[in-house]
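S.K.: Each chain is listed here by its residues.
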Amino acid sequence: MDSLSDVEIVEQFQAGNHEEAFRNLVEIHGKTVYNIALFTLNDEILAEDATQDAFIKIYRNLGKFKGQSKLSTWMYRIVKNVCYDYLKKRRYAPLDEIEEGYPMSDDGSPEDEVMSDWQSRELRDAVEQLPIKQRLAITLYYFKDKSYEEVASILGQPLNTIKSHLHRAKSALEKSLTRLEGSFV
Amino acid sequence: MKEQSFEELDLLFSQAQVDLPPQLKARLMTIPHMTSQPTFWDLRWIIPAASLVPAIFWLLITKVLPLLGEVSGRIVSWAEDLVIPTFPAPSMVLVGFCLGITLATLSAGVWFYWNSESRVTLAYGKYLTGRI
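Protein sequences, first through last, are from chains R and Z.
By the count of the working numbering, the first sequence reaches residue 185 at its end, each step adding exactly one.
By the count of the working numbering, the second sequence reaches residue 317 at its end, each step adding exactly one.
One or more of the hints may lead you astray.
Straight line, CA to CA, 25 angstroms or less: simulated SDA-like cross-link-like pairs of lysine to any residue [stated by the list, open to error]:
# : chain 1 : residue 1 : chain 2 : residue 2
1 : R       : K133      : Z       : Q200
2 : R       : K66       : R       : E150
3 : R       : K133      : Z       : E193
What follows is a list of derived Cβ distance ranges for each label pair [what the hints assert, rightly or not]:
#  : chain 1 : residue 1 : chain 2 : residue 2 : range
4  : Z       : P207      : R       : E174      : 29 to 35 angstroms
5  : R       : K64       : Z       : A289      : 35 to 41 angstroms
6  : Z       : F242      : R       : N81       : 19 to 25 angstroms
7  : R       : G63       : Z       : E193      : 41 to 47 angstroms
8  : R       : S69       : Z       : D204      : 25 to 31 angstroms
9  : Z       : W296      : R       : Q14       : 30 to 36 angstroms
10 : Z       : D204      : R       : Q14       : 25 to 31 angstroms
11 : Z       : V238      : R       : Q68       : 47 to 53 angstroms
12 : Z       : V280      : R       : E20       : 48 to 54 angstroms
13 : Z       : P207      : R       : K66       : 32 to 38 angstroms
14 : Z       : T247      : R       : D85       : 45 to 51 angstroms
15 : Z       : I231      : R       : Q68       : 39 to 45 angstroms
16 : R       : S5        : Z       : A234      : 40 to 46 angstroms
17 : Z       : Q200      : R       : E20       : 28 to 34 angstroms
Simulated from the structure, these hints should not be mistaken for lab results.
Cβ atoms here follow ideal geometry from the backbone N, Cα and C, with glycine treated the same way.
The task is simple: from the sequences and hints, build the whole structure.
M.R.: Right under this line is the structure:
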């Protein structure tokens, strides 16, 4: 069952009130879409472009949305595809590459940098080291209601595969972040 | 698979979320304007349309008036006074310039219209909607 606000947005859009519906969509989902793009791409400029591209595609196709899945699932599939395309364009490592060890970036941060900002960047660097499927799974999981089922639906993969991706990703991230903390003790 | 608690990671991700940058939000808000059909005063169609004006004048002077002139002798003499049958060099430069401007603005207009997702168009959208 879709959340009421999403249903209302679709009704608003299909009733012809495109601008208002789109504004609501950006208000509700904009931050999440941007964070997913930011953590997947680890580049603020690219994340902004990807967010814009995703919303253009959402706007152009919202009129054709049939309600066969949740609006958010449909939307985040578009976001996932856009991020995937951006990663391909950036000529990242092969998309099916499975890395072991997940090395952390050892870039130092200035001592006067704000801690939360520093943590956010380090976390993004750590996420960037994950294989693409794990990266997408973990960003969708953390920024999209922590629902295994929805992540599986968005990525179009079996639930157990997603659980496995997430478990590996979380373990790798914790290992990386612990190593990072250790290096500062 | 052994379930494991990742409380620290949960906390880190919740703290690491960033807000939507205001300039990006403004860009997103222009999407409905820029992906809709252009309105009457929209430059996306005025530019290509305006670019046709010199071409229309050129056609009128070089083709239409002589054609009319063939129909009526009086019009011929009037048109011959008006139209330069063989352009002297400065007029050729002017005609070439008009054609060049026409082609350049026409292609710019077509590009502008079909690339409504580009940064340039969205920047124009921000200006047009007065949101920035």
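S.K.: Holds or violated: the 29 to 35 angstroms window for the beta-carbon distance between P207 of chain Z and E174 of chain R?
M.R.: Holds, at about 34 angstroms.
S.K.: T247 of chain Z and D85 of chain R, beta-carbon distance inside 45 to 51 angstroms?
M.R.: 49 angstroms, holds
S.K.: Taking 39 to 45 angstroms as the stated bounds, is the beta-carbon spacing between I231 of chain Z and Q68 of chain R within them?
M.R.: 41 angstroms, holds
S.K.: The hint says 28 to 34 angstroms between Q200 of chain Z and E20 of chain R; measuring C-beta to C-beta, is that right?
M.R.: 33 angstroms, holds
S.K.: Does the hinted range 35 to 41 angstroms hold for K64 of chain R and A289 of chain Z at CB?
M.R.: 37 angstroms, holds
S.K.: Could one say that the CB atoms of W296 of chain Z and Q14 of chain R fall in the range 30 to 36 angstroms?
M.R.: 32 angstroms, holds
S.K.: Would you say the C-beta atoms of V238 of chain Z and Q68 of chain R sit inside 47 to 53 angstroms of each other?
M.R.: Roughly 50 angstroms apart at Cβ, these two residues keep to the hinted range, so it holds.
S.K.: With respect to the beta-carbon atoms only, verify the hint that S69 of chain R and D204 of chain Z lie 25 to 31 angstroms apart.
M.R.: 28 angstroms, holds
S.K.: Take the C-alpha atoms of K66 of chain R and E150 of chain R, compute the straight-line distance between them, and say whether it is at most 25 angstroms.
M.R.: Given pair K66 of chain R, E150 of chain R holds - Cα atoms ~18 angstroms apart, limit 25 angstroms.
S.K.: Taking the beta carbons of D204 of chain Z and Q14 of chain R, is their distance inside 25 to 31 angstroms?
M.R.: Taking Cβ atoms as reference, D204 of chain Z and Q14 of chain R lie about 30 angstroms apart, which means the hint holds.
S.K.: Can the restraint linking K133 of chain R and Q200 of chain Z be considered satisfied, given a maximum Cα separation of 25 angstroms?
M.R.: The hint holds at about 23 angstroms.
S.K.: Are V280 of chain Z and E20 of chain R spaced within 48 to 54 angstroms by their CB atoms?
M.R.: 51 angstroms, holds
In terms of the numbered hints stated before, the structure departs from hint 6 and from no other.
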